[in-house]
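Novice: Construct all of the structure, not just a fragment, from the sequences and the given hints.
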Amino acid sequence: MVTIQHFSEMELIVAQIIEAKEHPNADKLFVLKINTGTEEKQLVAGIRSSYSAEELIGKKIIVINNLEPAVIRGETSQGMLLAASGEKGPVLLAPECDVPVGVRVR
Numbered sequence: 001m002v003t004i005q006h007f008s009e010m011e012l013i014v015a016q017i018i019e020a021k022e023h024p025n026a027d028k029l030f031v032l033k034i035n036t037g038t039e040e041k042q043l044v045a046g047i048r049s050s051y052s053a054e055e056l057i058g059k060k061i062i063v064i065n066n067l068e069p070a071v072i073r074g075e076t077s078q079g080m081l082l083a084a085s086g087e088k089g090p091v092l093l094a095p096e097c098d099v100p101v102g103v104r105v106r
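So the sequence shown is numbered by the numbering used here: it starts at 1 and just counts up by one.
Just so you know, not all the hints are guaranteed correct.
Stated by the list, open to error - Straight-line distance between alpha carbons at most 25 Å, and here's what the computed BS3-like set of lysine-lysine pairs gives:
(1) K41 <-> K59
(2) K59 <-> K28
(3) K21 <-> K59
(4) K60 <-> K41
(5) K88 <-> K28
(6) K60 <-> K88
(7) K21 <-> K60
(8) K41 <-> K28
(9) K21 <-> K33
(10) K33 <-> K59
(11) K21 <-> K41
(12) K33 <-> K60
(13) K59 <-> K88
(14) K88 <-> K21
(15) K60 <-> K28
Hint data in this document are derived by calculation from the structure and do not stem from the laboratory.
Specialist: Here is the structure:
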């Protein structure tokens, strides 16, 4: 269970996907390069069943920015994007308004 304290320590921000490629060792994963407003990071995300690499480029997403890096199937992931479980697979949680990259989600 996550406490209010743990949740308040999560840094949720708006980021933008600048590159997307298929993970070389996993059919359901993408390796994404994102812009957080202050730096570029790499994420590994299980969203290939719902999106093509081309449609992800330029998309703004919500990420947990302050997670410890993890190696997923040989690729380093420096954060985690937020997605919901849709009827046909994962659905990215993204801002609907024009919010600048790097803005903290509260």
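Novice: Just pull the numbers of the violated hints for me, sorted ascending.
Specialist: none
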